[in-house]
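Undergrad: What follows is each chain in one-letter form.
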Amino acid sequence: MGTALAANASAFDTAAVDTLDPLNFDVLVARHQSMVFSIAYHYLQNRPAAEDLAQDVFLQLHHHLSRLESADHVTFWLRRVTAHRCIDYRRQHRFRFLSLDRITEPAHEPTSDDPLLSRRLQALVGELPPHARMALVLRYQEDLTPDEIARVLGRPVATVKSQLQRALKTLRRKLRT
Amino acid sequence: MTQMDDELRRAFRRMDPPRGFADRVRARIDTATPVSPTWRAASRDWRNTGWALAATLAIVIGTGMWYRAQEQRRAQGEEAKRQVLLSLNIASSKLRAIEMKVNHAQEPRQ
Numbered sequence: 001m002g003t004a005l006a007a008n009a010s011a012f013d014t015a016a017v018d019t020l021d022p023l024n025f026d027v028l029v030a031r032h033q034s035m036v037f038s039i040a041y042h043y044l045q046n047r048p049a050a051e052d053l054a055q056d057v058f059l060q061l062h063h064h065l066s067r068l069e070s071a072d073h074v075t076f077w078l079r080r081v082t083a084h085r086c087i088d089y090r091r092q093h094r095f096r097f098l099s100l101d102r103i104t105e106p107a108h109e110p111t112s113d114d115p116l117l118s119r120r121l122q123a124l125v126g127e128l129p130p131h132a133r134m135a136l137v138l139r140y141q142e143d144l145t146p147d148e149i150a151r152v153l154g155r156p157v158a159t160v161k162s163q164l165q166r167a168l169k170t171l172r173r174k175l176r177t
Numbered sequence: 001m002t003q004m005d006d007e008l009r010r011a012f013r014r015m016d017p018p019r020g021f022a023d024r025v026r027a028r029i030d031t032a033t034p035v036s037p038t039w040r041a042a043s044r045d046w047r048n049t050g051w052a053l054a055a056t057l058a059i060v061i062g063t064g065m066w067y068r069a070q071e072q073r074r075a076q077g078e079e080a081k082r083q084v085l086l087s088l089n090i091a092s093s094k095l096r097a098i099e100m101k102v103n104h105a106q107e108p109r110q
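These protein sequence lines map, in sequence, to chains X and C.
Here the working numbering is used: the first residue of the first sequence is 1, the next is one more, and so on.
Here the working numbering is used: the first residue of the second sequence is 1, the next is one more, and so on.
Don't take every hint at face value.
In silico SDA-like links for lysine to any residue, alpha-carbon gap of 25 Å or less [unchecked claim]:
| no. | chain 1 | residue 1 | chain 2 | residue 2 |
| --- | --- | --- | --- | --- |
| 1 | X | Lys174 | C | Lys101 |
| 2 | C | Lys81 | C | Tyr67 |
| 3 | X | Lys169 | C | Glu7 |
| 4 | X | Lys169 | C | Arg9 |
| 5 | X | Lys174 | C | Tyr67 |
| 6 | X | Lys169 | C | Met4 |
| 7 | C | Lys101 | C | Ala91 |
Rather than coming from a laboratory, the hints here were simulated on the basis of the structure.
My request is simple: use the sequences and hints to build the entire structure.
TA: Structure, rendered in structure tokens:
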């Protein structure tokens, strides 16, 4: 069912999602599963944890569906809830995660022309403070502007901008060493 | 756009969740009414509130007991001081009486 949904996700037009009938929940899962899972995975860098968290986000979506007004609202809501859950999850499991971060995952799909550099970048991003890390994930995975990131994270735009600048500076410095 | 931006975009490209993800989400919704995060947060808050109350109660009781012990010690000290002063007074008046008697005995008889 999930595979079929994923395969058919592109077949659903925006109007079908716009109705936001609980019956269309499966459509929403199919449309947004890669976004939610990827935010969680890139932030947590742990596949099982990312899947659990993504499932929780969709369960929460199921409960809140009637309160969401449009497709854009759903997307914003999913990004916001995923981001906050990731930050909370990491805070609660930070000690346990230290060892899991470095585990090579056989199921990991190569996503870059230079997988080694991508892995290095992901590992370096994993060392950044929680909000800066989430800001980077939203900036480069979701292509959000600092204003949009600030709205998702509920933080001032100036803070997000400086976090992004500092994070990029740190990454550049660490990549050179 | 810098090379770093490109590399980060490549590193953070969206990826599909593991196969059967949507099925597992649907199964979780169908099989159980999950505890909503609001309730989870509420129960966590209650637990935290319980711990906070217990800690506050322990602090209040501990402080009360310590204060009571201090008060008892202070009262005992006051009582001891009062008794010492009283005994000094008695001793002093006795000494004065004896001194008077001695002085009176030493006066030449006429």
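Undergrad: Confirm or reject each hint.
TA: A quick look at each hint next to the structure:
Restraint check: the Cα-Cα separation between Lys174 of chain X and Lys101 of chain C comes to about 101 Å, which exceeds 25 Å; the hinted pair is violated. Proposed proximity of Lys81 of chain C and Tyr67 of chain C is supported: the alpha carbons are some 21 Å apart, at most 25 Å. As the CA atoms of Lys169 of chain X and Glu7 of chain C are separated by approximately 14 Å, the hinted pair is consistent with the 25 Å bound. Restraint check for Lys169 of chain X and Arg9 of chain C: the C-alpha separation of about 16 Å stays at or below 25 Å, so the hint holds.
Restraint check for Lys174 of chain X and Tyr67 of chain C: not satisfied, since their Cα atoms lie roughly 57 Å apart, outside the 25 Å limit. The hinted pair formed by Lys169 of chain X and Met4 of chain C meets the criterion: a straight-line CA distance of about 10 Å does not exceed 25 Å. With a CA separation close to 15 Å, the supplied pair Lys101 of chain C and Ala91 of chain C stays within the 25 Å bound.
Taken one by one, the earlier hints fail for this structure at numbers 1, 5, listed in ascending order.
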